[in-house]
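2 protein chains.
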Amino acid sequence: MEPTPEPDTRTRRRSREQAPKVTRQPNYRQLRHPFPAQAMFSDDEIAAIHDTALRVLEELGMRVLLPEARQIYAAAGAKVVDDMVFIGKDIVRAALASAPKRWALRAPNPLRDQDYAQGAMIFMAGVGCPNATDRDRGRRPGSIADFVETVQLCQHYDVIHMLGPMTEPQDVPVHLRHYATLQAQLEHSDKPLFLFSRGPGQVQQGFELIQTALGLSDAEFARDVWVSTVINTNSPRLLDNPMAQGLIDFARAGQMCIVTPFCLAGAMAPITPAGALTLQHAEALAAITLTQLARAGCPVSYGGFSSNVYMKSGAPAYGTPEHLKMQIGGGQLARHIGLPWRTASGAASNTADMQAALETTMGLWGASLAHGTLIVHTAGWLEGGLTFGYEKFINDIESLQVFSELASRPSGSAAEIGFDAIADVQPGGHFFQTQHTMDRYQTAFYAPIVADLNNFGTWSEHGARTSTERATDVWKQVLRDARKPEGAEERVARMQPLIAAFAAAGGASPMD
Amino acid sequence: MEPTPEPDTRTRRRSREQAPKVTRQPNYRQLRHPFPAQAMFSDDEIAAIHDTALRVLEELGMRVLLPEARQIYAAAGAKVVDDMVFIGKDIVRAALASAPKRWALRAPNPLRDQDYAQGAMIFMAGVGCPNATDRDRGRRPGSIADFVETVQLCQHYDVIHMLGPMTEPQDVPVHLRHYATLQAQLEHSDKPLFLFSRGPGQVQQGFELIQTALGLSDAEFARDVWVSTVINTNSPRLLDNPMAQGLIDFARAGQMCIVTPFCLAGAMAPITPAGALTLQHAEALAAITLTQLARAGCPVSYGGFSSNVYMKSGAPAYGTPEHLKMQIGGGQLARHIGLPWRTASGAASNTADMQAALETTMGLWGASLAHGTLIVHTAGWLEGGLTFGYEKFINDIESLQVFSELASRPSGSAAEIGFDAIADVQPGGHFFQTQHTMDRYQTAFYAPIVADLNNFGTWSEHGARTSTERATDVWKQVLRDARKPEGAEERVARMQPLIAAFAAAGGASPMD
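Line by line, the protein sequences are chains W and C. By the count of my numbering, the first sequence reaches residue 512 at its end, each step adding exactly one. By the count of my numbering, the second sequence reaches residue 1512 at its end, each step adding exactly one.
Read the hints as simulated data drawn from the structure, not as lab findings. Predicted, not measured: the structure shown is a model, and the values here were computed from it. A portion of the hints provided could be inaccurate.
Covered stretches of chain W (in silico footprint by chain C; criterion: 3 or more residues with CB under 8 Å from a CB of chain C, positions within the stretch not fixed) [claimed, not checked]:
id : stretch
1  : 319-327
2  : 484-498
Derived, one-sided and incomplete: chain C residues facing chain W with beta-carbon distance under 8 Å [unchecked claim]:
id : residue
3  : PHE1035
4  : LEU1096
5  : THR1361
Even glycine gets a Cβ: it sits at the ideal position worked out from N, Cα and C.
The task is simple: from the sequences and hints, build the whole structure.
This is the structure we're talking about:
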């Protein structure tokens, strides 16, 4: 991918003579949702969910394991009894008032920056997977080699906007793992960075490494969001040590926490969509409040990942009607409090099959109609997040690209309507050779990356391969062609002495 | 499927004691679109497309092969030169004024009736396929045995609302084929019927067979829509003999023509979405006008099936961004003229893989956001319509059911929010055993028909089968369990003497 901007060329008029080798270069880098945000609940119902969530925090409270976090809540007037924190409505309302509505999400390459705001559509690949799988090498525990490959895959496709922890590099000791993942991100990509919140040692070192790699002054680092982390509550109503510490540390550094209660209706949350969303909302508000108490005005993303379980097995389900209803209800809650927010698609399927495509595509539509600012798990997620699948990643990229094209509206101008072109072709004829077609054919249509549009005979001659089988060729080619983005080697060179020093000092173990 | 109505039970409150064996019985029989209709073009652009289409009909004209049709147009004031018909704007406007906005689509079983109107969502399976395929028997030319099976599959799932010509029974001579397909529909289903428009002999016999089978008086048959046909123009701007004859014959009998220009942008239509829609609209208006001139006030469905070709091969593509843009633009044109309308999803994939799922699911969302009254090709369509796939059908049914659930909004009542349920569970606990869960768990969530939500280990123990492989078991079980609907044997018994008499008299050959 070139580091230069790629303007949308679809509306340009070209003739073959002027530009004989035009290829289509759509701009997938910065996207907006193609359709207006939708609703699942009435405004009154959303207000009732919000009010009930405030009641949950004030009357039932959150269990907060980290003493420093309890002290911060107490200093703001919350009632603390043992490790239970009861957060008054006014404290939450003040926090929501100080939380910003939008900010720039910065990338090592400024052309990759994102506007983190309501209405923006930012895609992250499937993340948090302990395993990786592909048709050549099979399913295996994630390694740093896999992590590097997933970064390269994410870098290749502009429609993936932000890095995350795609696979867990289990072959790197955990006290050194944050060095390896940050280096891989900075060496093989120039997109916005991710850092796990595994305690203050890793987080502070991560901040320092990023600041050094990007050559930022303290003021420059503090002024913008250069790195993000995901904060999961332990539903119901429990905030553990590394998560609370992460909220405090990221807030104080002005970096972005993506607050994500994981509320499975019928398991760790009430079985009803309204009930699961109430719990999601209460936990998210508690976490958002902690960030604003730690540093008023710091960027923090509302979020949720509420779906249902399959009642016969208790396993999480994705792309279900209930999942979509909670995505869209979650979007209503985000708009109710006026914050940008994160949602997710996903798949429970164990392999890259029709079930996987159905689940992920349904979840993508739900997430977009919910106007999720950041949509996570959009490519490669299998087994409810236990495995990152390379072939599924490629097929999901097709889905994301098709979907993203919808944000670009076709023109209904007289030239595009083309009365003269229609007049040019006799009844029963064809438009292949008209000037109207010749002027546009090179850039008119989306060009698929894995879909095979040959007829049955040709497809059979080519081996009658499924899109999952063909995807193997695609990801292998992407990895063969991968090269480090401009400036990456310099960024890594700047951070390496610091990594060496940190490692020599014993690394940084995660917080319990 | 029972012939009794199945009310939506999701909102009913039940306790285990009162109703220990409740199962979930959602009502998929009559559906409305879950989200508001969307737009791709501005209102001004839609008006310009409409006006240009009127100009196309008046200035460029349609080639109409059937002399009777030309006479009908001429009698209304259209200019006829050889086989070209130039239809003035006022003639078209008068026809649109007389076309009804909604009507009942009647079924042999009144519980299967549909409200054919803007806002309704009626699904038809994949139709028009010369071939059939499944994993057991492979790909073969369609037979009457295949046709019967596809009727049984469509009958089993309430989410398929209307029958169509799923596979072409090529083992039945074409002069007798309409007897076989009508008998199969009436014997194995009680849903709305379909009849090909292959000339006046087959059409008039078909009407008589249906009227006889259903025991309708002449007045009863004429008063309602008991059978539908699809009218394809030969784009660009050509109306052939059987299609024109069908428009006239169905109109005079008060039965439904589903007007469907098939405009492939870049091939038989201009390469731009606006241009292809202009041609679609012009051709549809010409056909609608003919029905209203043949009998003012007869029911006729606007429609279109505009997608793009793949420029490297010229093959049709489905579920592409351009397809969705033209679906949604088509819906705007239907609303502009105030008629219910037909659109389609579809798949170009040659097998039941992720590509097929992506194409069909994208097309389903586009068709619904376009508010297609009737959405065709929603289940089982492969190879751009050359093959009906049994395993794809089952996976597509899952997609249709998941989607249909979205039309049912979750409740945000205090009971559903469940503050007390949240209070019942301690931080870090679970909701499996709460009364709130126990009251609802049997009916809370969509129950999948082919998705496997087991974990990787259990799925592997069960043979690590894809959803395509599992679907084989599902359709085989459906066919094993299939039984004729109530009243079907009587309906067939009434029509059989007539079939015998028609056949003895030589059947009815199609029109050239």
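Hints, verified against the model:
With 6 residues having a Cβ less than 8 Å from any Cβ of chain C, the stretch 319-327 of chain W passes the three-residue criterion, so the hint holds. Counting residues of the stretch 484-498 of chain W whose C-beta lies closer than 8 Å to any C-beta of chain C gives 0; at least three are required, and the coverage claim is violated. Residue-level restraint check for C:PHE1035 holds (minimum Cβ-Cβ distance to chain W is 5 Å; threshold 8 Å). With its C-beta approaching chain W no nearer than about 20 Å, C:LEU1096 sits outside the 8 Å limit, and its interface hint is violated.
Interface restraint check: C:THR1361 against chain W, minimum CB-CB distance 5 Å, threshold 8 Å, status holds.
Comparing the model with each earlier hint shows violations of hints 2, 4; every other hint is respected.
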